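Asks: Listed below are the residues making up each chain.
Protein chains: 4
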Amino acid sequence: MSRRIRLGMVGGGAGGFIGGVHRMAARLDHRFDLVAGALSSDPARAAASAVECGIAPERSYSDYRDMARKEAARPDGVEVVSIVTPNHLHVPVACAFLEAGIHVICDKPLASTYEDAQALYEVLERAGRLFVLTHNYSGYPMVRHAQELVTQNALGPLRVVQVEYAQDWLARNVERQGVKGAEWRTDVARAGLGGAIGDIGTHAYHLMRFVTGLRPESLRAELSSFVSGRSLDDDAQIMLRFEGGARGMLWASQVASGHANGLRLRVYGEKAGIEWLQEEPDRLSFRPLDGPAQTFIRGGHGIGEAATAATRIPGGHPEGYLEAFATLYREAADKILAFETGTPSPDLPGIVEGLEGMRFILAAVQSAQNDGSRVPLHSADA
Amino acid sequence: MSRRIRLGMVGGGAGGFIGGVHRMAARLDHRFDLVAGALSSDPARAAASAVECGIAPERSYSDYRDMARKEAARPDGVEVVSIVTPNHLHVPVACAFLEAGIHVICDKPLASTYEDAQALYEVLERAGRLFVLTHNYSGYPMVRHAQELVTQNALGPLRVVQVEYAQDWLARNVERQGVKGAEWRTDVARAGLGGAIGDIGTHAYHLMRFVTGLRPESLRAELSSFVSGRSLDDDAQIMLRFEGGARGMLWASQVASGHANGLRLRVYGEKAGIEWLQEEPDRLSFRPLDGPAQTFIRGGHGIGEAATAATRIPGGHPEGYLEAFATLYREAADKILAFETGTPSPDLPGIVEGLEGMRFILAAVQSAQNDGSRVPLHSADA
Amino acid sequence: MSRRIRLGMVGGGAGGFIGGVHRMAARLDHRFDLVAGALSSDPARAAASAVECGIAPERSYSDYRDMARKEAARPDGVEVVSIVTPNHLHVPVACAFLEAGIHVICDKPLASTYEDAQALYEVLERAGRLFVLTHNYSGYPMVRHAQELVTQNALGPLRVVQVEYAQDWLARNVERQGVKGAEWRTDVARAGLGGAIGDIGTHAYHLMRFVTGLRPESLRAELSSFVSGRSLDDDAQIMLRFEGGARGMLWASQVASGHANGLRLRVYGEKAGIEWLQEEPDRLSFRPLDGPAQTFIRGGHGIGEAATAATRIPGGHPEGYLEAFATLYREAADKILAFETGTPSPDLPGIVEGLEGMRFILAAVQSAQNDGSRVPLHSADA
Amino acid sequence: MSRRIRLGMVGGGAGGFIGGVHRMAARLDHRFDLVAGALSSDPARAAASAVECGIAPERSYSDYRDMARKEAARPDGVEVVSIVTPNHLHVPVACAFLEAGIHVICDKPLASTYEDAQALYEVLERAGRLFVLTHNYSGYPMVRHAQELVTQNALGPLRVVQVEYAQDWLARNVERQGVKGAEWRTDVARAGLGGAIGDIGTHAYHLMRFVTGLRPESLRAELSSFVSGRSLDDDAQIMLRFEGGARGMLWASQVASGHANGLRLRVYGEKAGIEWLQEEPDRLSFRPLDGPAQTFIRGGHGIGEAATAATRIPGGHPEGYLEAFATLYREAADKILAFETGTPSPDLPGIVEGLEGMRFILAAVQSAQNDGSRVPLHSADA
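Residue numbers (the numbering used here), protein chains in the order written: chain P, 1 to 382; chain B, 1001 to 1382; chain C, 2001 to 2382; chain A, 3001 to 3382.
If you are wondering where the hints come from, they were derived from the structure by calculation, not from laboratory data.
Since this is a predicted model, take the numbers as computed values, not measurements.
Hints should not be assumed to be uniformly reliable.
Heads up, simulated DSS-like pairs for lysine-lysine below, C-alpha to C-alpha not over 25 Å straight-line [claimed, not checked]: (1) C:K2271 / A:K3271; (2) P:K180 / B:K1271; (3) B:K1271 / P:K271.
Distance ranges between label pairs, derived from CB positions [claimed, not checked]: (4) A:P3043 / C:D2371: 37 to 47 Å; (5) C:F2339 / B:E1305: 26 to 36 Å; (6) B:A1309 / C:E2305: 53 to 63 Å; (7) C:R2074 / B:A1044: 12 to 22 Å; (8) C:G2229 / B:S1002: 34 to 44 Å.
C-beta: ideal position from N, C-alpha, C; glycine also.
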């Protein structure tokens, strides 16, 4: 067994959602030990949460800078830190740890402002440490399979992409009703310029980019704030142009009554189309132009190496969200070990994808503010 | 039983698709007798097709003007004519019959040019006859139920509409391979300015208008011709603004590998969302914001008057496309009888919806030609 | 066009369900003219129903014997009669018409007693006329395709069959609440010895026989009458043995809350399994042991001759129950014309299938009455 | 946070499937530390697997008796042991640990013979320790919700149960092709008298018992061995009678081509029916007799306490098999802590359910050997 990696966490105190997810994801494959945390900026809450997480009291911090400094100084200090704070803290926290020589696993979107994101890029360049951005949907085995089908040209040249992420939890003004996750997500100071576009639109955008490899050229966006009193968008409708002529539509909504996490990707090529739905993640529809539709099942027939490597249990016994998230953590562990020995390791979403996501948010906001004008949208690798 | 109405048909000779559909639809409820036809402009083919349809040889015509004149002169002449020709003939044929005092049932879109459509409008005004446009998807019971739910405010004020019509039969250059229906549909002279946007985009647009009653304000469109050598669009992506602030996306594609007739409508209001898919027409998903999702079944529990009136057999025994089409024919028969007695009759898609569809096509084409500029799009009733 | 066949009907007056279905089915393909009927034994109701159906008053009868005699004497008399009465009348009516030289299309089950069924068999032998039993589910294109897959050995030798027909309309004592169809179906005098087993179990049994060709060897049955005050079974659970070692389970229930017409067939062979569900009839799942699951769509890719011949419109535009029923009528028309010229015609469910169904009902009842004892069950062709 | 419990494991060395599942399940909620194991009876393989699992070398054993003795003697010895061996070892291993005062978590079925099962029962009585049987499907939140609906009488008195567990991985003679899990499962010496009936039939049976609470009265069974050369059953078809008159069918097959883990439960009561499918575990269909069908979603609207307590993340982000399994482990941890303090703790499947499962296997085998004779089948609590 590979040795377990010492993990710290910033944010994720009791009551939040995503902190617990990161912890379960880190634990599932037994590759990390959570040994330190600044789980809250409130000392008492931080301490209580630390106990809850099995972190020793002396390694519970309420100030992340303090934590970065002290952990860096310990021989058994954390090797990597997970950042699960609201968006506006991603960059300062990441910079503190990177500058202390500690790798970073960070929730998305990368930052609340593009300036912050660029600053992080520069710090990261200097620090020479690893940075993983948890675009967790790319950890699903059938998303990996979808990517492999595209890469192997099973769809032929791509023509059309339809991607959407539909939720309804912000269909009412829950930010005024004490729902903590809603409060910061609808607050420009903490979330950044994007509401739905930043919170879930970036997931949809990354998923589309991850599977298709298509490089975006420009977009037109319509952002709406349907709920009275809300300043950030809660619904985003976007038309995309890709290099080479492919076209796409992206819809991200947090007011789509009846949807929980309706992230759906459809890709159409000259030879075949595919469809994947996050709420039924173990299946991938493959619809060739010249034959009956096929349903690929995780762990089933016709599944390639990429999906298989991300699979824990046989097909028909569902894996879900936590497993996909855990795959990113497992791969981050591999990456950290490879980093130490200087060996190559697989790609994971990181700073490049983070900058792309920020450019996407900004382009959408800019377009929407100009009545849907066309805004160029180069991919980071363009 | 109501007396049967004498029906004629123009177009629809052997080999086509939609002519047979109209005939089965007219027959199902025993409200029409098909007694005359100009099924083809080729006399021999017209005659052979007439025999096939049980039309007496002396009432088979190869010239629709001839037919209109002679049938109008017969005491037992046709009372109504179904027009199932390529688009560019809809208006001249309709005018010929209307001017001869004969009601018209016409396939969509209304015309191949907006000028033609306007000309028809004027002829119709003068003729004082009935004109029914077969936006047949509005004949599905669960589409009627969807409309009723909206009307009864079961969804609350509407916010977002997502509508799409995805096919793949034009994903290759079949118009060069002798597929007759593809030939004229991809030919601007016969189809008009719209390709996919005209052929199926108008269906999606009408369905959305029919169910939601939302009045469009403007659109931005991206039209693509993915298949080499094709001049008309085979993929249309559109963002819509509605009066009152609702927003919509419409996608119509004939190159979406793996889709046959994927007409799907989703409507989201403040209180609930609905989803309907033409390929599973007997079901309607209703997803309230505050309770578990419900599935309404044609003929099942909780179905209102509108859907019930359009239902022939109990739930669980599927009705399909022909039944929905037949419902329009049945209602056209009711309308013709009501016309005779001057009694009121239910609305059916007609000239107003036809003009709206034409405006939609033209606005989309105009927008696409201007790089997706915003084009106003008033509804006919605006 | 083939000449239209003169059709009569016995039963099916206003208020019933299945009479209207037969009439629409007969009409859809324009192969029959309904010209005479004994739609009710009540003269006034018969006459009113006849008007409703477009039958001339002088050819409306209230006594089927009268009708058989008089129609046989007319030069333009009916060539075939559809029998849509309660079960106990099937045989006397059929005999009257067969003895008058008139072909018969009869609803299922064949009879209310096995003695009646045998008597019919003998009359039919003597009469030398056609007899079609409307096991209408065998008219669905994808059921035909399923049969073809089995015949072509795409499943390999068959091992297991699971078939069920679940309804809930008799989950309450509706026969005491004036539901006419429930009254006679729960009355041994009119329905015969079988309740659910006769009404829908025979459909499930026939479907299984039709698709698999497996020859039953024996059964064990558990029949229940869950609704208080009901004497006939409303739920039937059966284990079947087939020649050659295949095994099957059959469930027919009219008290299965939440099911409308849940007729489902699953067949498993050494190489693949298939699944078909009547409520989504245009699809057939094909699941090979060595590859991803495939979904065959009516009118889509990979569909063989049998299904194609039973298809009216392209895939993606749903056909339903009436179309499947109409296919039996169309084939009955072909059979009648072929009979006249002595040419061969395709098989349709008839007396053999009717007798098999009766044996199935009786075996199930006999087994259930003996605590689920094993009862032999030879197929008619065994 | 509750203190972590010291866990040992017997069986589950590299190459197996279920050992890894138990380890991930134990880890997910951070309630256990795996500190000792007899992962294989082969010392080298045991040692290698121990390293893989993070177990210290000195606590890796190759003899479970040795492990029980030594761990019981350590102050930091394991408090509970997970048994993940082939069936025939469950009882001897469990007895060794129970007699050493160590709690047991054991895979199902309880034993390979009923005598063994009874012996275990007696040992357990004497030992006064906890015994948990991992009928893991009862850990799914929507299974808990189904049980709650039944308990709250939302279905009314129950009439019919349909349960099935369909797999296809034994559709070929893979036990001769080196598939280890197939070897012992098809070997009467290691699996016991039941093949499919023991391996998956017991899961289906327990699921049905868990959700409905119905007490079985008798069964008739048909067991088949379709694959040539196999002595144990690979397909089981069973008809069940319950106290109070409800009736059920149970099908368990490992030769059902196209199914991976098709565990499906349907329950029909006087007021409503429910359906749950393991392959889509986050959903539960609820179909009232008097309203439209509803779909309950884990984490969604209308979900009661039982399911909520078993839920880790919000609805729409799928949980799967490992999470359900982990819930049993979490509850086992609660139970162990409660045991120490003498406080009450929730029920978990244990010896009673294990004995019931054994009786079910034996009754099915006995019935099948007597041509499907009726065999009484009392529940343990009867």
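Asks: Are the hints correct? Go through all of them and say.
Replies: Now the hints, each set against the structure:
About 41 Å separates the Cα atoms of C:K2271 and A:K3271, which puts this hinted pair outside 25 Å; it is violated. Only pairs whose Cα atoms come within 25 Å are accepted, and P:K180 paired with B:K1271 is accepted, the gap being roughly 23 Å. Between the alpha carbons of B:K1271 and P:K271 the distance comes to roughly 41 Å, so the proposed pair goes past 25 Å and is violated. Look at A:P3043 against C:D2371: about 56 Å separates their beta carbons, and that is not inside 37 to 47 Å.
Restraint check, C:F2339 to B:E1305: a C-beta distance of roughly 46 Å breaks the suggested window 26 to 36 Å. A C-beta distance of roughly 39 Å is found between B:A1309 and C:E2305, which places it outside the suggested range of 53 to 63 Å. Checking the proposed 12 to 22 Å range against C:R2074 and B:A1044 shows it is violated: the Cβ atoms sit about 37 Å from each other. Separated by about 42 Å at the C-beta atoms, C:G2229 and B:S1002 satisfy the suggested range of 34 to 44 Å.
In summary, the structure is inconsistent with hints 1, 3, 4, 5, 6 and 7 from the numbered list given earlier, while agreeing with the others.
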